[in-house]
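Enquirer: Okay, here's what each chain looks like letter by letter:
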Amino acid sequence: MDAPAYEPKIIGFLCNWCSYRGADTAGMARMKYPPNVKIIRVPCSGRISPELVLRSFREGADGVMVLGCHIGDCHYSTGNHRTAKRMPILKNLLEYAGIEPERLYINWVSAAEGEKFSVVIKEFTETIRALPPFVEVMK
Amino acid sequence: MSEEIKVGVYICHCGSNIAGTVDVADVAQWASKLPNVVVSRDYKFMCSSPGQEMIEKDIHAMGINRVVVASCSPHLHEATFRGACSRAGVNPYLFEMANIREQDSWVTSDKTEATKKAKALVAAAVGRVAHQQPLESLFVPIDPNVLVVGGGIAGIQAALEVADSGHHVFLVEREPSLGGHMAQFDKTFPTLDCSACILTPKMFSVGNHKNITMMTWSEVDKVEGYIGNFTVTIRKRARYIDEPLCTGCGVCQEKCPKKVIDNVFEAGLGYRKAVYTPFPQAVPNTPVIDRENCTYFQKGTCRACEKFCPTGAIKFDQQDELITIKVGNIILATGYDLFDARKVGQYGYGRLANVFTNMEFERLTNAAGPTGGKVFLRDGVTVPKTVGIIHCVGSRDTNYHNYCSAICCMQSLKFAHLAMEKTGAEVYNFYIDMRTPAKSYDEFYQKVLREGTHFIRGRVAEVTDCARQPSEEGKLIIQVEDTLIGRQRRIPVDMVVLSAGLQPRADAKEVAIKFGISCSADQWLIEKHPKLDPVATMTDGVFIAGACQGPKDIPSSVAQGAAAAARVLSLIGQGEVEIEAATAIVDEVTCVGCKQCIACCPYTAIEYLADKGKAHVIEALCKGCGTCVGACLPKSISLKHFTDEQLVAEMIGAMQTMKYLEATEVA
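Chains as they are written, first to last, in our numbering: chain B, 1 to 139; chain W, 1001 to 1667.
Chain B with its partners taken away, still in its complex shape (with noise of 0.2 Å):
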C-alpha cells in the first residue's frame, strides 16, 4: 500500500489588484488547477505581516503562499518592494526555526497572467505534497 493520501492545506495571500485579478482570470479561462489552496484577499502583499503567515503555520496549513503584483506595477506604487524584501528574510527565519522554506511561496502574478496563476498553484501543490503534513513537523 501506498502512503496514505495527503491533501495539502494551503492559504494564498494574495493582492488585489495583480494576483487576486489573475485568478480571476485563471477562472474566466476555465483553467483547471488543483483545489487546495485557499485564498485570502488583501489590499496589496504589503499588507502581508509575517504575522499572517506564521498564524496560518500555526493553524495547520502546509503551505503558505504570498503573490503580488510585478515589480513596477503595483498598485500602490511601492507596496510590493516591501514584499519582495520581507518574505525572503521570512522564509530565512523559518528555516531557523526548523520549518522547511519552501512552505513558504513568494511570486508575481499580474492580473493577465491567469495561465501562471494556474501553474503556479500546480507546482506549489506538488512541492508541498512532497513534504509531510506541517502537523508532522510541529510534533
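Simulated from the structure, these hints should not be mistaken for lab results. Built from N, CA and C at the ideal position, the CB exists for glycine as well. Certain hints may be false.
From chain B, some residues computed to sit far from chain W (all C-beta separations above 10 Å) [to be verified]:
no., residue
1, Ala23
2, Asp24
3, Arg47
4, Leu52
5, Asn92
6, Glu95
7, Tyr96
8, Ala97
9, Ile99
10, Glu102
11, Ile106
12, Asn107
13, Thr127
14, Pro132
Covered stretches of chain B, as calculated for chain W (at least 3 residues, CB under 8 Å) [unchecked claim]:
no., segment
15, 33-43
16, 59-70
17, 73-80
18, 109-118
Got chain B; can you put chain W on it based on the hints?
Expert: Structure of chain W alone, referenced to chain B:
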C-alpha cells in the same frame, strides 16, 4: 457593540456556472451550522433583483446584521451586494463575498472537491464577517477641471466634449503642435477623405475654446492626489518665444539659416528650420526654437530670428516653467509609437534605399509633404513603376509583437490605391491574412481588388537587391512563398513600403507609473474591463482613450475619446465621490514613534506628530494598501476592513473547514 451578530449566507447557483460543479444546497446546509449564521439559502441568481430583494427581506424580517454572498468574484458584484445591504440599512462594510465561481467552480473539475472548497471559502467569509466593523465612507467634492494628456485625435475629441459641456480642460501635448499622428496623414481610410480637412477644424476649435487651456511643448512632471482632487505639475518647456507676443507670422522660420532634417513630422524625408512649427496648420502656430540645432545656442552668434521678428517675441533667456494645476479627473490619450522597421533586418530598411516605412509613404503622398504629394524613389525624381507593400512588419510575429496592429491591412490597402492613383504603378500587396472588419472596410478591399492590385498571401522572407536574372537588375526583389499556390516567388519592384505595426510609447511604463495605472505585458495601458469598462482604469479618476490602450484606427480612437469624456462628465455631474473608507489608523497608546510606517508609505500619508511622538495617518491621502501594517512592530497601526483579526478569522475559517472535512472523510 454589544449587538448580537446575525449572519445571513447566500449561495448563488449562477445558473449552472456554479451549481453545475458545486453542490450548492449542500454548501448552504453546511453554512447554516456555522457560528453566528441565522439563515442560509441558495438561489439561482443572487445578483438579480429577486436575489438582492431576498437579502433585503431577510435583513428586515430576521434582523440580519452581517451578510455573506458566495458567488462570483468581488470585482464583479461586491458593489452590487454592498448596495443591497446599504438599502436595507446594513453598513456595506458588514458584507463579505466568497468567490466560488472564478476561484472554485470554474477551475475545479471534481465536483466533490469543488463543493469542499466552496465550504471552506464560505466558512472563511463567515468567520471574517463576524469581525468586520461598519465604516463610514468619506465623500469629497470633485474638482470639475479635467486634464487631458495627449493632443492627438483621441485627446482632442475628449477635450472638446468636456469643454463643450462647460467644464475647464487642461490639454497637455508633448510636441509643439496638436494633431498627433493623424496630422501626418494625407488620406484616411476607407473614405479617402483628407486627414487635414477633418482634423484641422477640430484643432482650431481646441485652440480657440474658451474652456480649454492648451499647453503644447509640455509634459506632465508629477501627479499627486486622488479622484476628484489631483494636483498635477506640468513642465512647460521653454519655447524661447514669448507666446502672447508672437503672431505666428513665420518670419523667424523664413530667416533662420539652419536647416534640420525633420525626423518627427516628416519622418526624415524633409527639412525644417531650427525655429519651427511642425506644419503650417499647427495649433498653436507659435514656433519653438530647437536648442540642440540653433546656431545661437550652440555657437553664441546668429540671432537672425530675433533681428527680424516684428514683435520682439524671441526670448533666448526663457526657462522651463513648472505649472501646478488642480483637476478632478484625468484622461490619458498618449497614443502609440511606430515599430522600428530597421529591426527586421531582412527587409532592408535603412540599408536598401528604396525601402520605405509606412510613415515615409504617408508623407510622400501628402500634398503638404516634402514632395508635394508626388511619389518618388529615394533619389527624389524617379517615379516607381512597381511597388511592393508588405503587411504585418513587426506585428503578428513572435520575434517582435504577437498582436495584430489592427490598422495595417487597411493602411496598406490605402497605400495600394494611392500608389496606383499617383504613379500608375503595378502594385503588389503581401499579406498574411486580410483583416478588414469595420464598417465599409471590406468594401474598400473589394474596390482595391477591382482596381487591379495584386495580392500575394504569404509572409515575405526577404527583400534583396541581389539579382539572379537580368529582369531583376537594378530592382528590389521580394522573396516570398505564395501560400495560395504553394510556390516560392521572386517579385522585382522599384519601391518597397513596409507597413510597420503600432507599438506602445517607449515611455508607456513610466507614464503608467506616474498616473498610478498598469501596463499589460506588452506595455499597452490596461483598461478596467476589456468589454464593459474599456476607458476606465483600476485607478479611479484616471481614464484612457485611443491607441495608448492598444492599436486602434481613427474612428475607434474618436469613440474612446468621447467615451472617456462621458465618464468624466458623469463623475463631475455627481459633484462628489466616495473615497476609500478602508484606511490605516494608528493606535496612539501603543505607537512608539519609530517612524517605520512613515518610511514605507508609498503616499506620504503618514505624518509624525512631534509633540506627541506618534505617527498619524492623513485619511484623505491614505489609499489603504496596508504596507505600513506589515512594518509596525508594536502592532499599533492597522488597516480598517483588513485588520489582522479579520484576516486571521478568514484564514481560520478556511483551515478549520479543511481540517474538519479531512477528518470526517478519514472517519
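Enquirer: Non-interface claim for B/Ala23: all C-beta distances to chain W beyond 10 Å?
Expert: violated, 5 Å
Enquirer: Can we confirm that no CB of chain W comes within 10 Å of the CB of B/Glu102?
Expert: Per Cβ check, B/Glu102 is outside 10 Å of chain W; nearest 20 Å; holds.
Enquirer: Are there three or more residues in the segment 109-118 of chain B whose C-beta lies closer than 8 Å to some C-beta of chain W?
Expert: holds (count 5)
Enquirer: Would you say B/Glu95 is clear of chain W, with no C-beta pair closer than or equal to 10 Å?
Expert: holds, 20 Å
Enquirer: Please confirm whether B/Ile106 is truly not at the interface, meaning its C-beta sits more than 10 Å away from all C-beta atoms of chain W.
Expert: holds, 13 Å
Enquirer: According to the definition I'm using, a residue is off the interface if its beta carbon is farther than 10 Å from all beta carbons of the partner; does B/Asn92 meet that for chain W?
Expert: holds, 17 Å
Enquirer: Is the Cβ of B/Asp24 farther than 10 Å from every Cβ of chain W?
Expert: Check fails; 4 Å does not lie beyond 10 Å.
Enquirer: Classify the label on B/Tyr96 as holds or violated, using whether its beta-carbon is more than 10 Å from each beta-carbon of chain W.
Expert: holds, 19 Å
Enquirer: In terms of beta carbon proximity below 8 Å, does the segment 73-80 of chain B have 3 or more residues touching chain W?
Expert: holds (count 7)
Enquirer: Cut-off 8 Å, C-beta pairs, minimum 3 residues; does the coverage of the segment 59-70 of chain B by chain W stand?
Expert: holds (count 4)
Enquirer: Taking beta carbons only, do three or more residues of the segment 33-43 of chain B come closer than 8 Å to chain W?
Expert: holds (count 8)
Enquirer: Compute the least Cβ-Cβ separation between B/Ile99 and chain W, then decide whether it is above 10 Å.
Expert: holds, 16 Å
The structure fails hints 1, 2, 3 and 4 (numbered hints given earlier, in ascending order).
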